[in-house]
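Undergrad: Read top to bottom, the protein sequences are chains A and B. The opening residue of the first sequence carries number 1 in my numbering; numbering runs sequentially from there. The opening residue of the second sequence carries number 396 in my numbering; numbering runs sequentially from there.
FYI, nobody ran anything at the bench for these hints, they're computed from the structure. Fair warning: this is a prediction, and the values are worked out from it, not measured in the lab. Positions of the beta carbon are idealized from the N, C-alpha and C atoms, including for glycine. Fair warning: there could be bad hints in the mix.
So these bits of chain A aren't anywhere near chain B, every CB distance computed over 10 Å [said to hold, decoys possible]:
#: 1; residue: Lys6
#: 2; residue: Ala40
#: 3; residue: Lys44
#: 4; residue: Gly54
#: 5; residue: Tyr67
#: 6; residue: Leu109
#: 7; residue: Asp132
#: 8; residue: Glu136
#: 9; residue: Glu140
#: 10; residue: Asn141
#: 11; residue: Gly253
#: 12; residue: Phe312
#: 13; residue: Gly377
Listed next, the in silico BS3-like pairs over lysine-lysine satisfying Cα-Cα at most 25 Å (straight line) [to be verified]:
#: 14; chain 1: A; residue 1: Lys237; chain 2: A; residue 2: Lys305
#: 15; chain 1: A; residue 1: Lys4; chain 2: A; residue 2: Lys23
#: 16; chain 1: B; residue 1: Lys420; chain 2: A; residue 2: Lys23
#: 17; chain 1: B; residue 1: Lys420; chain 2: A; residue 2: Lys34
#: 18; chain 1: A; residue 1: Lys189; chain 2: A; residue 2: Lys239
#: 19; chain 1: A; residue 1: Lys34; chain 2: A; residue 2: Lys237
Examples of chain B residues toward chain A, derived with CB under 8 Å [said to hold, decoys possible]:
#: 20; residue: Ile410
#: 21; residue: Gly507
#: 22; residue: Ile510
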Amino acid sequence: MSIKGKAYIVGAYEHPLRDAPDKSTPQLHAECAKGALEDAGLSKDDIDGYFCAGDAPGFGAMSMIDYMGLRNVRHMDSTETGGSSYLLHVGHAAQAIAEGKCKVALVTLAGRPRQNKGGWGGGAGKPGQLTDGPPEAGYENIYGGSTHNTYGMCAMRHMHEYGTTSEQLAWIKVAASHHAQYNPNAFLKDVVTVEQVVNSRMISDPLHLLDCCVVTDGGGALIITTPEIARSLNRPKVKVMGAGESPKGPMGGRNLDLTHSGAVWSGPIAFGEAGVTPADIKYASIYDSFTITVLMQLEDLGFCKKGEGGKFVADGNLISGVGKLPFNTDGGGLCNNHPTNRGGITKVIEAVRQLRGEAHPKVQVPNCDIALAHGTGGSLGTRHGAATLIMEREA
Amino acid sequence: MSDVQDRPANMTRNIPAPAVTIESKPFWDAATEGRFLIKRCTACGEAHWYPRALCPFCFSDETVWEESPGEGVIYSYSVMQRSPSGPYAIGYVTLKEGPAVLTNFVDVAPDGLSIGQKVKVKFQPTENGPPVPVFAPA
């Protein structure tokens, strides 16, 4: 397998300005994108892959995808290697295209160092001075948004649309705590009850203290290799079967929808590639920054119908050995670990343990041959990146 | 808890000065005059928020500023209770023009908000910056 001959460069555009006092950096990115699209004879909605580096303001690729309204993106890459980033992006885009991960990739670079003589980037700046930060910053960062209250808005809307209750959300924490009691490294090892969760103090309504994940130091690492090397090693083999990714954001604010996450797009891509369905999943690692995060993702991944997540998670359905879908058997972010406020890697690690049969015996899923790990980064309430991974144990 | 005592009943919160860019400057200049602007694309006719130079729907660069009465309904909200300055509400308003706007809700008690509630924009002063739009019950 090689990228040779698998991808073509069909659009190219160089911005004519050399001094751009009247345009923001996001605007320059968008104008370059528009120019390249016109050069290719394609339209914005044809783009399903987006590549940018550190010059793109905001949170990874999320701010620029949202700014430009790239609503069909299913492959994202913000690899930063300085000035060489964009050459590397072409190589990465060719890989993605060769593997069917996207069909039309956009790479952008833009900036205005002549306007930012005080330094790089641009935060709040001095009073009266113009800045050049993320495009949404001025309109959003002033309102005291945090993960707690932006996820709180999602939970509030979910309750409004579907009648989801705090008690149902609490079952997610209860299940995580049942698993964490067997994890000697877990930050919180005590089993909690629904009553304890709903009676814990309100942080940002309707989310209570025990609806929130832990804050921990720490980290994790993964090694991925070829089938040949994997077979040469003396370890159980965990095969990557499918992967899907998607951004989601307000994208202009029309038809805002806080009750769905990017999993509605990343999930079907991963399931399709793996050739399995939610019914085949024996174990699921589901990102659990908050209880509502789990509930929405389970619905969006198709483990239950939209709006029925509350019923699905209730009565211990996520507890290993008790329910139909064992989840986060390490205790998850809600009880075990959320290193540096980024829980994605621990989701993969516990799925690998399950597939190897190396989870704690009290939570090990019998014959765990297919597992899913899913993550949400950023905020469900503003803009986020979703990623779904499906893995299989190879006999 | 001592930090829940003596909190303001109307959830007024000190708001920092917004980061103003060359692209957003017309919005903040109008805000200084008490006018709430949104952007509309003259190519596809759609209004959007937050305002952009290029339309996030059709990618035309023919977007224009439009004054809005700032009327709408609450799409969702959350009242942050763990705040040293007292509880405050963040949420989205769906404007009559269509787009949803992230904001704070003011002039209302922490238990006085509901989804679907009618609200209207007002401007709150900031220290060393232009006033910022917040929404209060209409």
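Undergrad: Please name the hints from earlier in the document that this structure breaks, with their numbers sorted from lowest to highest.
TA: 3, 5, 7, 8, 9, 10, 11, 14, 15, 18, 19 and 21
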